Amino acid sequence: MEISGVKEPRTLTVAELKTLGLVTAATVLQCSGNGRKYFKDQLTGDQKMSGTPWTVGAAGCVIWSGVPLKAVVDALGGPAEGARFITGTGGEELPAGLDPKLLVVERSVPISNLDNVILAWEMNGRPLSLAHGGPLRMVVPGYSGVNNIKYVKAVAMTEVETDAKIQKTSYRVHALGEKGSPDQPSVWEQPVKSWITTPHEAAKAGQVQIAGVAFGGMNACKSVEVSVDGGQTWQEAEFIGPDLGRFAWRVFALSADLARGTYTLVSRATDTEGNVQPEETEMNGAGYGHNGWRAPAVKLTVA
Numbered sequence: 001m002e003i004s005g006v007k008e009p010r011t012l013t014v015a016e017l018k019t020l021g022l023v024t025a026a027t028v029l030q031c032s033g034n035g036r037k038y039f040k041d042q043l044t045g046d047q048k049m050s051g052t053p054w055t056v057g058a059a060g061c062v063i064w065s066g067v068p069l070k071a072v073v074d075a076l077g078g079p080a081e082g083a084r085f086i087t088g089t090g091g092e093e094l095p096a097g098l099d100p101k102l103l104v105v106e107r108s109v110p111i112s113n114l115d116n117v118i119l120a121w122e123m124n125g126r127p128l129s130l131a132h133g134g135p136l137r138m139v140v141p142g143y144s145g146v147n148n149i150k151y152v153k154a155v156a157m158t159e160v161e162t163d164a165k166i167q168k169t170s171y172r173v174h175a176l177g178e179k180g181s182p183d184q185p186s187v188w189e190q191p192v193k194s195w196i197t198t199p200h201e202a203a204k205a206g207q208v209q210i211a212g213v214a215f216g217g218m219n220a221c222k223s224v225e226v227s228v229d230g231g232q233t234w235q236e237a238e239f240i241g242p243d244l245g246r247f248a249w250r251v252f253a254l255s256a257d258l259a260r261g262t263y264t265l266v267s268r269a270t271d272t273e274g275n276v277q278p279e280e281t282e283m284n285g286a287g288y289g290h291n292g293w294r295a296p297a298v299k300l301t302v303a
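Using full-length UniProt numbering, you'd call the opening residue of the sequence shown number 1 and step up by one each time.
Heads up, some of the hints might be wrong.
What the hints assert, rightly or not - Using 25 Å as the maximum straight-line C-alpha spacing, the simulated PhoX-like pairs for lysine-lysine come out as follows:
id, residue 1, residue 2
1, LYS70, LYS150
2, LYS299, LYS40
3, LYS70, LYS18
4, LYS153, LYS168
5, LYS18, LYS165
6, LYS150, LYS18
7, LYS222, LYS101
8, LYS153, LYS7
9, LYS48, LYS153
10, LYS165, LYS101
11, LYS18, LYS7
12, LYS179, LYS168
13, LYS153, LYS165
14, LYS153, LYS70
15, LYS204, LYS37
16, LYS168, LYS150
17, LYS153, LYS101
18, LYS165, LYS179
19, LYS299, LYS204
20, LYS150, LYS165
21, LYS204, LYS222
22, LYS48, LYS150
23, LYS7, LYS48
24, LYS40, LYS150
25, LYS48, LYS165
26, LYS168, LYS101
27, LYS179, LYS37
28, LYS40, LYS101
No lab work stands behind these hints, which were simulated from the structure alone. Remember, it's a predicted structure, so these values are computed and weren't measured experimentally.
Let the sequences and hints guide you as you build the complete structure.
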């Protein structure tokens with residue numbers, strides 16, 4: 001792969017990269033449109049929103065192993081003067097005769113992420129498969145999935161963001177009916193978020209184990225509250241299982257004594273900087289970044 005925007009630009013093989021360092025980190029890998037269905041449910045009249053109507057399923061917590069990008073950049077003399085972004089370019093073969101900027105998967109993120117970015121060749125302890133971006137993927141912890149470049153063939157320290165369509169006008173947060181433009185916020189950092197994974201629809205009366213996942217985006221998750229009455233009252237849940245670091249999610253659990261009846265289960269996370277998961281997420285035209293706690297509620301019947 002090609003490394004540029006450094007004082008000593010070079011093209012390195014994966015074997016050469018493996019001599020420069022090794023780090024293992026867990027991150028939440030989440031589609032930018034995870035939760036889009038909850039936005040689509042609010043549309044009225046002739047309002048439209050494209051994209052897959054995900055609820056909460058387009059996310060996972062992944063353990064990556066690879067070389068820290070900072071170690072690579074330091075080995076090549078450090079960033080060039082004036083560098084403000086890390087720009088990764090995917091290695092997909094592009095069809096001839098079309099403007100490559102319309103198709104290339106090339107994303108820029110602020111260079112403040114240099115200490116966190118990983119050029120990963122392993123996922124969950126196994127060689128990174130082609131389906132998940134192998135042989136090498138640029139992982140940007142805490143950032144939405146689109147910024148984690150599959151089959152990365154080039155990384156550059158750049159003064160400006162790429163002008164590829166996927167950055168310039170796509171994955172921008174804008175109002176319904178508007179088109180994307182470079183002056184709108186880019187889909188970068190993930191917000192604090194949680195949801196309940198179990199139980200689903202029914203449970204037996206008595207002690208009911210309520211569990212889910214929570215994460216803080218760029219910060220660790222500090223605490224999670226659970227409500228069985230749709231947010232009228234809250235109880236603090238406990239974390240179970242290992243803490244895999246600030247960019248990973250935590251599994252939480254609460255045991256609730258529930259009599260026969262119908263319940264609305266929701267969860268609300270707080271990160272270490274005091275950011276609290278909101279009740280609702282402000283509507284945007286492409287359905288990005290949903291993190292409201294009310295919409296993913298579980299309707300539970302206890303018998």
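Between LYS179 and LYS168, is the straight-line Cα distance small enough, at 25 Å or below? At roughly 11 Å apart (the allowed maximum being 25 Å), LYS168 and LYS179 satisfy the hint.
Given the hinted pair LYS70 and LYS150, is their Cα-Cα distance within 25 Å? holds, 19 Å
Distance restraint between LYS40 and LYS101, which requires alpha-carbon spacing of 25 Å or less: Roughly 29 Å separates the two Cα atoms, so the pair is violated.
Hey, LYS153 versus LYS165, does the alpha-carbon distance stay inside 25 Å? With a Cα-Cα distance of about 18 Å, the restraint between LYS153 and LYS165 holds, given a limit of 25 Å.
Restraint check for LYS222 with LYS101, where alpha carbons must lie at most 25 Å apart: violated, 41 Å
Measure nothing beyond the straight line between the CA atoms of LYS18 and LYS7; if it is 25 Å or shorter, mark the hint as holding. Within the cut-off at roughly 21 Å; holds.
Could you grab the alpha-carbon distance between LYS168 and LYS101 and see if it respects the 25 Å cut-off? OK: LYS168 and LYS101 at ~10 Å, within 25 Å.
Between LYS204 and LYS222, does the CA-CA distance stay at or below 25 Å? violated, 31 Å
Would the hint linking LYS165 and LYS101 be met if the CA-CA limit is 25 Å? Roughly 6 Å separates the two Cα atoms, so the pair holds.
Do the alpha carbons of LYS179 and LYS37 lie within 25 Å of each other, as the hint requires? Given that 25 Å is the threshold and the Cα spacing comes to 20 Å, the pair holds.
Keeping to a limit of 25 Å between CA atoms, is the pair of LYS18 and LYS165 held or broken? violated, 32 Å
Holds or violated: LYS150 with LYS18, Cα cutoff 25 Å? Distance of about 18 Å is within 25 Å: holds.
Checked against the numbered hints given earlier, the structure breaks hints 5, 7, 9, 15, 21, 22, 23, 24, 28 and satisfies all the rest.
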